[in-house]
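4 protein chains.
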Amino acid sequence: MAKKKIVLAYSGGLDTSVAIRWLADQGYDVVAVGLDVGEGKDLEFVKDKALQVGAVQSYTVDAKKEFAEEFVLPAMQAHTLYEQKYPLVSALSRPLISKKLVEIAEQTNADAVAHGCTGKGNDQVRFEVSIQALNPDLEVLAPVREWGWSRDEEIDYAKKNEIPIPIDLDNPYSVDQNLWGRSNECGALEDPWATPPTGAYELTAPLEETPDEPDMVEIEFQQGKPVALNGTSYELDDLILKLNELAGKHGVGRIDHVENRMVGIKSREVYECPGAMTLITAHKELEDLTLPKEVAHFKPTIEKKLSEVIYDGLWFSQIRDGLEAFLKETQQNVTGLVRVKLFKGHAIVEGRKSDLSLYNEKLATYSTDDEFNHQSAVGFINLWGLPTKVHSMVNKKGVNV
Amino acid sequence: MAKKKIVLAYSGGLDTSVAIRWLADQGYDVVAVGLDVGEGKDLEFVKDKALQVGAVQSYTVDAKKEFAEEFVLPAMQAHTLYEQKYPLVSALSRPLISKKLVEIAEQTNADAVAHGCTGKGNDQVRFEVSIQALNPDLEVLAPVREWGWSRDEEIDYAKKNEIPIPIDLDNPYSVDQNLWGRSNECGALEDPWATPPTGAYELTAPLEETPDEPDMVEIEFQQGKPVALNGTSYELDDLILKLNELAGKHGVGRIDHVENRMVGIKSREVYECPGAMTLITAHKELEDLTLPKEVAHFKPTIEKKLSEVIYDGLWFSQIRDGLEAFLKETQQNVTGLVRVKLFKGHAIVEGRKSDLSLYNEKLATYSTDDEFNHQSAVGFINLWGLPTKVHSMVNKKGVNV
Amino acid sequence: MAKKKIVLAYSGGLDTSVAIRWLADQGYDVVAVGLDVGEGKDLEFVKDKALQVGAVQSYTVDAKKEFAEEFVLPAMQAHTLYEQKYPLVSALSRPLISKKLVEIAEQTNADAVAHGCTGKGNDQVRFEVSIQALNPDLEVLAPVREWGWSRDEEIDYAKKNEIPIPIDLDNPYSVDQNLWGRSNECGALEDPWATPPTGAYELTAPLEETPDEPDMVEIEFQQGKPVALNGTSYELDDLILKLNELAGKHGVGRIDHVENRMVGIKSREVYECPGAMTLITAHKELEDLTLPKEVAHFKPTIEKKLSEVIYDGLWFSQIRDGLEAFLKETQQNVTGLVRVKLFKGHAIVEGRKSDLSLYNEKLATYSTDDEFNHQSAVGFINLWGLPTKVHSMVNKKGVNV
Amino acid sequence: MAKKKIVLAYSGGLDTSVAIRWLADQGYDVVAVGLDVGEGKDLEFVKDKALQVGAVQSYTVDAKKEFAEEFVLPAMQAHTLYEQKYPLVSALSRPLISKKLVEIAEQTNADAVAHGCTGKGNDQVRFEVSIQALNPDLEVLAPVREWGWSRDEEIDYAKKNEIPIPIDLDNPYSVDQNLWGRSNECGALEDPWATPPTGAYELTAPLEETPDEPDMVEIEFQQGKPVALNGTSYELDDLILKLNELAGKHGVGRIDHVENRMVGIKSREVYECPGAMTLITAHKELEDLTLPKEVAHFKPTIEKKLSEVIYDGLWFSQIRDGLEAFLKETQQNVTGLVRVKLFKGHAIVEGRKSDLSLYNEKLATYSTDDEFNHQSAVGFINLWGLPTKVHSMVNKKGVNV
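Read top to bottom, the protein sequences are chains A, B, C and D. Last residue of the first sequence: 401 (UniProt numbering), numbering continuous. Last residue of the second sequence: 401 (UniProt numbering), numbering continuous. Last residue of the third sequence: 401 (UniProt numbering), numbering continuous. Last residue of the fourth sequence: 401 (UniProt numbering), numbering continuous.
No lab work stands behind these hints, which were simulated from the structure alone. There could be a bad hint or two in this list.
Covered stretches of chain C, going by a simulated chain A footprint (3 or more residues, C-beta under 8 Å) [claimed, not checked]: (1) 245-259; (2) 290-296; (3) 317-324.
One side of the interface only, derived from the structure: several residues of chain A facing chain B at Cβ under 7 Å [said to hold, decoys possible]: (4) Val125; (5) Pro136; (6) Leu138; (7) Gly345; (8) Lys389.
Glycine residues also receive a C-beta, built at the ideal position from the N, C-alpha and C atoms.
Chain A extracted, bound-state conformation (with noise of 0.2 Å):
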């Protein structure tokens, strides 16, 4: 009989390095998947790496562009951040990497695919739910979740068969990163009185070591889209990480965050996101220019739901497309130029500016002459207040007599 196949997502770290020789025991041929969504990972070591182990293919995927354009940018758009704090970081990547594990899996006759987590976080949801999305067929596998072992029995395992244990083994922190972000949760975060220590901090410069001076960024966008920054035309990906860097310097974007998880409990974490805060911003601005009052007004509703549908692992699903069809339609004018300050840790807008704001002194000056007449307001006012005025004769009317 063949011998069942499976794809594993791999990191290059020890927990997924011992997944591959875990899963060769169970009797899988083992597939390794290596990815990078803008961590900087050497992909070519990562790949040799998986062989090394005892995987039968390794793969790598360079899908930062994609993760930029098809998962971040809609992210941004909606200014997504989950409990108003964290801009979805991991939760944005799991089912890009779910989407490259089901393509590979599909190409190389799989059986099933397999996921580095643990059973006490959100990103096994994210993994399971996008995978049975894409391919009901496939089985899904968590050796990590599965096999249960204390620290001191996984470096045992790794020992026994030969995996090579990583010298950053004391490494206290437990970290993922991509373009749109860094998340941190670590021991020392366990206490949330404690101040996050300054080890936790990797993209962004703490404010006391910040330059006294600032960089003045212009960030172009069209059609809600950031193309450009000072002039300078960047394809998307490339443009978050130069402001990664920028704002970074600058001490932009930490987000210290005690969480609802999609399991039940509350943890603590800690995330990095310079470019993402200040395109967030910068975004923001640029609609508050270019939206009608309306649509600026019921958007948050869409915004707020979408990102609770991504933290909730629901990325492939029917309301995500109905959610960003909203949001697609919303983006039409969100063209113009924003100027950000980037000083001290902030992303300050100080200009913003539209051939398609709906604010400018031309038309203003257009509305005080045309339309502010005293009648209008008065009649506005009359007619907006009449239920109030009703309630309040009723009420005293009820009362009285």
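Once you have looked at the hints, place chains B, C and D on chain A.
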């Protein structure tokens, strides 16, 4: 026949001074009312000036405590930010001022009430709807909107009637201030591409001039209400004024907002809300620790609606009562301490703790052992992902068969 | 100097006939436009009468198909019921009529457009906002609102100007009708305690006179669009008219509604919407079978907003585009057959089926065997209930310690 | 060692009778609790049978009044209809039953609580989350879910243990009933294309057999609570039972629903809720008369959330407290009389009146004279339409230039 009596909200400035005389010309006995809602007004000066320019009676009211307790507190607990930016500074004081005007109108048997707003802004709506809500039998006049004079015509009238002309008549800024912040419109802001002039700000230091050492503040909340700073108890109005000073020194709370007014146009305004933004930030963090997920995820819907209700002048309405009743239920467990670092324009929450925290290490450990076994997560994912899986199976079938 | 030209929405009734003459008196060349949106108007009669009473040109438009496809269909798919009751009969036709008026105004180089509404209703708002949205350069006039005559004054004017007086002048009802239903205001309805008079209804039989045998109708939907009745294909406008007849015979679709108008007052109106209510009911049932839970639970938020947007005259606005884009995504799988029993005022869905059903026996069985083992439910409940459990533990602790 | 004690929700049927014996086999002392929540159960019979099949103690509770006042009333005031259809019959009783179980567990020093649900439905979730919310120290068992027997295995076990086998064992229906209605699942319903069998219904007459004369009922509400029928006062539970009878005779309240369960599958159920649907309809109509527009337009958001919270088993949670606090504020003026015609499956509201009505002829007349002058409407439309007009002007400019 007895003359009609009118109660006028009197600021001491040119517009309302001229209004006293203009109303007298229309045949009214004018009762002036000067209020302090935290802007630090010289009430004695205002009282005397009203009589000097023609009022028959002059009242003053120190409304700071009532403003803090009844108006600012629920807004802070609801994190009300109109269009996610503006903390409703003037929108909060208008209903309180209206209430005081109506009270004095009823005490003095007045026939009418007047305010000094023009026909282009939001405040005229807020005053008139509030007054109608509180006493629909009172007539409301808006002299400045009615006379429709240019600046020069107004000054001519003032000179003819011996009304003192302010020495800062060339001041380009139109400012409103109270405990909760300071708003500023001016000609220089009319181009949304222009950086706001430094003179537009008063409560907050420019980032470039903020101290190089942070201040740490521990804010204590009892059931959602801030009651102490660094261990010292304060009444709410004093606590806010203290924080305005402390956080203002560090440049916290500058807001530059292109907003959608009620009357159908976009305007740009600059706000300074050092205390407000510090308290809202700290309070949100304590809620992150103490609110159950379901409440944390629904409360923003209430917050957004309350922001719009207040902005739109509907303070005295049943909808606000309902929203505040929801809000009050959520605050019962928002008790604890938040440590805030005031530095370079930021109010950074570095730690938060509460006896009613829904996150703590002991519970986390409890959870690990008891709840987060392999099977709970697997079972959860199976059922959570089931609609997506079924949808995927059906649509595959639909496509292929 | 050339006379100004104005395009008037012309019904053939007294008000708009008088308006033609009145506008001519004001110096306009009047272009009359008569439209049929499904009320079964005699367009030739209307065309001739307009010329007879003084129009310089007279256009007629059969807009039934465009009305059905572009306006009624999305409203049906969104189950738009203003205040959960009113299917937006007139609110849907106003933007279409405005569009036709603007098209003809542009073709004829007219300077202005006019409608026959008074100052108390919603339709004046819908016309004027729609016209401004489509061509902000056109002036809009509302002669009936402007002249402000009593009924007697209007008749005097008509007699003097040889405008024919309708023979049913004593008709107490004020009716508007189109494909999607019939609305009726009248004096007898002004007391909300009074039973609507039998004469208020025309499209629907009284329950007491409906047949004692039901009619069964199988309605076929393709991607959310009704395409056939009992196996016979229909164009949408014909299908609706056919259902109005069938369901009207059984008394389906009477609605008696005390509603909140845009202009600040409550009014009571009576609607008859036999086809509309049958289609909305059937379509909802097919969605219950074919929409994933997440979509089914969020769509009502879109539906409610769309209802208000349409009621409030904002059809031609970006917010409607966005809401419809969401809607369109949801309709892709709403394909199938619904069996409706029309009987005694009810449109009872007795069966529904779809090749894309997310409920079917095979899947249910599959689910039983595969998913619904003991452990999945237990695991799900453990995590679902965890926030509640932790909250309970903490608060107990809080109370007792 | 002392035996462990468990409190079991006992219906008197086969499943929970077998559960008593099975729990005893596991070493528990079983305390049976029989409840009447309006289904008209013979509590004495249930009490005796529990002891007969092996319980060590047997309690009965008549919980009708508490159920009506504390659970049904807010649901009625919020018009809670899950997915716009299901009035939450069983979902409302589960938290009350859980509360009684926990009370008796605390009185009897029990260690655990048990319910008779299987692993596929919603009720297991509602019981377990409610019990954990009320006393997180109690263990919860679900014997039927745990043993996982087929029907035949269960009957074998019953026979071996001398547990009486019900005579209606072939009854294909699985029914739950209380004051607020009756739910029914059965095999025949599993095909959503099939018409529900007549035997599925018990509380409501088929339309074909309803009287040819209507009954008229005048329902009096005091602050949102129904207190009298046709002038006769009733306690709430009696009023609902009376209406179940009256409206049931006329066939009111049949609901056929394909619904999304919590556990990820769609199911089809048939409900009969004659009293519930009559009261919800009448109450909504009185609200249409007495709620201000802003409240009427926001309350559905609260209603929808409350429906989902109750359906999802979160009755005992802070989110429900908050939603009910909002709800309570809205009911203060919902006082008046509603005239309902019960006829041919309809509860038709023909009239409604209230001393606190926001609609009445006097006000309407007042409004006509005072408010609805030409200028108010014109001014209102100018400002209401201004954003649309500006958007149109800008986009035209954008396109042409």
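Hints, one by one, checked against the model:
{"no.": "1", "hint": "245-259", "result": "violated (count 0)"}
{"no.": "2", "hint": "290-296", "result": "holds (count 4)"}
{"no.": "3", "hint": "317-324", "result": "holds (count 6)"}
{"no.": "4", "hint": "Val125", "result": "holds, 5 Å"}
{"no.": "5", "hint": "Pro136", "result": "holds, 5 Å"}
{"no.": "6", "hint": "Leu138", "result": "violated, 11 Å"}
{"no.": "7", "hint": "Gly345", "result": "holds, 6 Å"}
{"no.": "8", "hint": "Lys389", "result": "holds, 4 Å"}
The structure does not agree with the numbered hints 1 and 6 stated previously, though it agrees with the rest.
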